[in-house]
Amino acid sequence: MTNPPLLLEMTSITKRFPGVVALSEVSLTLRKGEVLSLVGENGAGKSTLMKVLGGVYQPDEGEIRIDGKAVVLDGVMAAKRHGISLIHQELMLAPNLDVAGNIFLGAEHLRAGGILDRASMNRKAAEMMKRVGLDLPPTTPLRNLTTGQMQMVEIAKSLAMDARIIIMDEPTSSLTPVEAEKLFAIIADLKADGISIVYISHRFEEILRITDRITVMRDGRYVGDLITKDTDHDKLVSMMIGRDFTTRFPARVGKPSEVALEVQDLLVPGATEGVSFSARTGEILGFAGLVGSGRTELMRCLFGVDQPLGGTIRFEGQSFTPRRPSDAINRGVYLVPEDRKQHGVVLPMSIAQNVTLPDIHTYKPVWWLQREREQVVANEQLVAQAIKAPSVAQKVVNLSGGNQQKVVLGKWLAMRPKLLILDEPTRGIDIGAKAEIYKKISALADQGLTILMVSSEMEEVIGMSDRVAVFSQRRLSGILEKDQLSEHNIMELMTGLVSHG
Amino acid sequence: MRKELGMFCALVAMCLIIGISNADFINAANLTNTTRQVAMLGIFAIGVGFVIISGGIDLSIGSMIGLTGVVIASISAPVADGVTSGAGYPIWVGICVAMGVALSIGLAQGLLITRLNLQPFIVTLGGMLLIKGISQTITAGGNISFGNHPFRALGDEGLNLGFMEIPWPVLIFLGVAAVATYVLHFSVFGRHLYAIGGNRDAALYSGVPVKRIECTTYVISAGLAGVAGITYAAYIGQMSHSVGEAYELYAITAAVLGGCSLRGGEGTILGIFIGAAIIRVMENGINMFKLVTTNAAGQEVIWRLNENWKNVIIGTVILAAVVLDQVSHVLKNRKRTATAQAKVVAAIPPVPPATG
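Taken in sequence, the protein lines are chains F and S. For the first sequence, the working numbering gives the first residue as 365, with consecutive numbering after it. For the second sequence, the working numbering gives the first residue as 793, with consecutive numbering after it.
Don't take each hint at face value.
[Claimed, not checked] Result set (DSS-like, lysine-lysine): computed pairs, CA atoms no more than 25 Å apart in a straight line:
#1 F:Lys-494 / F:Lys-444
#2 S:Lys-1124 / F:Lys-752
#3 S:Lys-1082 / F:Lys-705
#4 F:Lys-782 / F:Lys-803
#5 F:Lys-752 / F:Lys-798
#6 F:Lys-555 / F:Lys-433
#7 S:Lys-1124 / F:Lys-759
#8 S:Lys-1127 / F:Lys-705
#9 S:Lys-1003 / F:Lys-728
#10 F:Lys-494 / F:Lys-555
#11 F:Lys-433 / F:Lys-444
#12 F:Lys-593 / F:Lys-546
#13 F:Lys-846 / F:Lys-782
#14 F:Lys-752 / F:Lys-804
#15 F:Lys-396 / F:Lys-546
#16 F:Lys-555 / F:Lys-488
#17 F:Lys-759 / S:Lys-1127
#18 F:Lys-759 / F:Lys-798
#19 F:Lys-444 / F:Lys-488
#20 F:Lys-846 / F:Lys-804
#21 F:Lys-752 / S:Lys-1127
#22 S:Lys-1003 / F:Lys-705
#23 F:Lys-752 / F:Lys-803
#24 F:Lys-555 / F:Lys-396
[As the list claims (entries may be wrong)] Examples of chain S residues toward chain F, derived with CB under 10 Å:
#25 Cys-801
#26 Val-980
#27 Arg-983
#28 Ala-987
#29 Gly-989
#30 Ser-998
#31 Ser-1053
Read the hints as simulated data drawn from the structure, not as lab findings. Because the structure is a prediction, the values reported are computed rather than measured. Every residue, glycine too, gets a C-beta built ideally from N, C-alpha and C.
Please take these sequences and the hints and turn them into a complete structure.
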């Protein structure tokens, strides 16, 4: 087999963000008609590298060559002119337009006088839709399509602009198995037409099946290339995770005691089956899985934001059915949400006002809010959580992400939690603040709190948890005991290769 | 408080300029009249302020002011000849029924917005037309006159302190402002309100009864529009469906000029009062302002602002205020980003970046 010529060469790409080196001298090559998979853990830099290729980010160092000629991709339009098309994980389509309108969005065909040439667009769209196996009139409103069909519209859109390189970021994450099969068939067709594809996925089974070559990234760096037909699952996993632990996790002194939380066949909206697990007093139960595997939705049900469709929850021996967050809060069940800015803090309010928000009614014995007592309580948390701020009167909007997270933590810890739900507690937080938060979480478990911790960071979930529940495709695929905890075991459950009872 | 201080300085400057250009501005009659106007606007501007601080909007309050007056007139105005007339019941009956109607409509709008998740703009826009239509139906498109009913003293007279008279609407406003200040700045309700306006989801995740509080703001807004409606009815004395037309826009303008953000989470009672004062003083000033010059022939020439420019001037002032606010916002954000980045960079230990 002769190798077709190199279409794309990315050499020594470095990209820095304030305080972080996201990519460090990463190289990547792509041949004409090749399907390349880019793999790595969350935060390995895959998306950043693809955004550099798609013209979203400009690299600080390094060179990009297409057909051997150096190019500058200073914007999405520049990348498109070079035939590079990036399909995001969350599809970027306008549900209010029809299929043809979406395919030609930003590249509309016009007649004289600037009038939309719908006939021409519909004709061309039909042609593109045929190539991706979409048997629909081009005038179908996009919102009537399934997610799988929308994915095909995105691909048709790439074809309409004569893309030579199509980047697909987790394309199967929201597809049914049947839709995924259809996608693979189309990828094979595109490949036969000489179009190159960069395929980002966490699902090894797919990667091993449909790609020619695999580029592995870790911590913003290039690790190596594998030829798919010479590779197996274990080789790939070891290449992805082979590294030393860089963060020290605090030692635990307490031992989990009696069962505090019992969840039985809880049917979370959007889940495919009921979830059952239990957590003990003084235990940290980790929840591993990919983004979108259904963990956050479960936590929202436990906190009363959403209502489960079935099943039972028992907490401290009594039935627990929170219909709104205040019901959970009244039982000492608190949630530190995943999206801090969206659900955690009220940015324009002060640290003190954020800390006392859930139980502000207890600060009003008769008429006036006790501002002095509020200050005292907030100050206690300022010290206890080591929040770096000049005073509790500081507005939360002026704090760094790590300190905002400590405010959310302080808000709940001021109220003596019994069960603390932490959803991605260290996401987007720098290393120093992370270590402090780990220490705090361990100490809380030692004091007899029950902690549920959702985390997509492998090290964190292994380093912190007593047991780990692993989610895959919106179901609980297994619970690992302390002595079974390894990246390998978690990864296997996460990618759905095996299933532990 | 910085915003309030800025607007207060603007208000003082405006008063000085008008006062210097025309001494009549500070005569007793004009001052009494202007403060009465400020107070009547202030009452319902505070009401809509509650809604705005929670992140909503209420467009129905102008119509609500009209309806309150029409209801009072149709029940309590003296019986007279003609198509429409009052029924001659005691005044307190009219006032109680009118307030009951206002509070019920406010509650209905609040429930529609919070329980059915409808957009406040649309619900209260519909409410605005509907309420006005009810007024028009009651008055059959005409007027109901209070004649010289003693109720009218509420609008025209005041508490006589001997050396000066404080108009009743001003006293009512001061009462409303005091209670509103307590509720907004010193009670749990107020804290929850700011939290909802600042970040509705975070408030919900903190156990704040978001929907109940949002709904209550529409009841407060309608209720204070009702109170303002009582004073307008007494002041105008002749009710038709067009009373209160476009008043909601004056109230929203007052709130925004006074530092409320339509995105929610910002605003104070003091600010809303200053905003209301600016609008009314500006209106009064457009009538009052004059420049006296002497022409070549030695004759005095008086130059006045054209009355028809009123809306142009007010519109320009509103736009200038929001532009200024946005510019200061952008500058502040830019500064924060710069300092935040500097901090992060400084926190990195001086090792080669390649170790990432």
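For this session: Please write out, lowest number first, the hints stated earlier that are contradicted by the structure.
Result: 3 and 25
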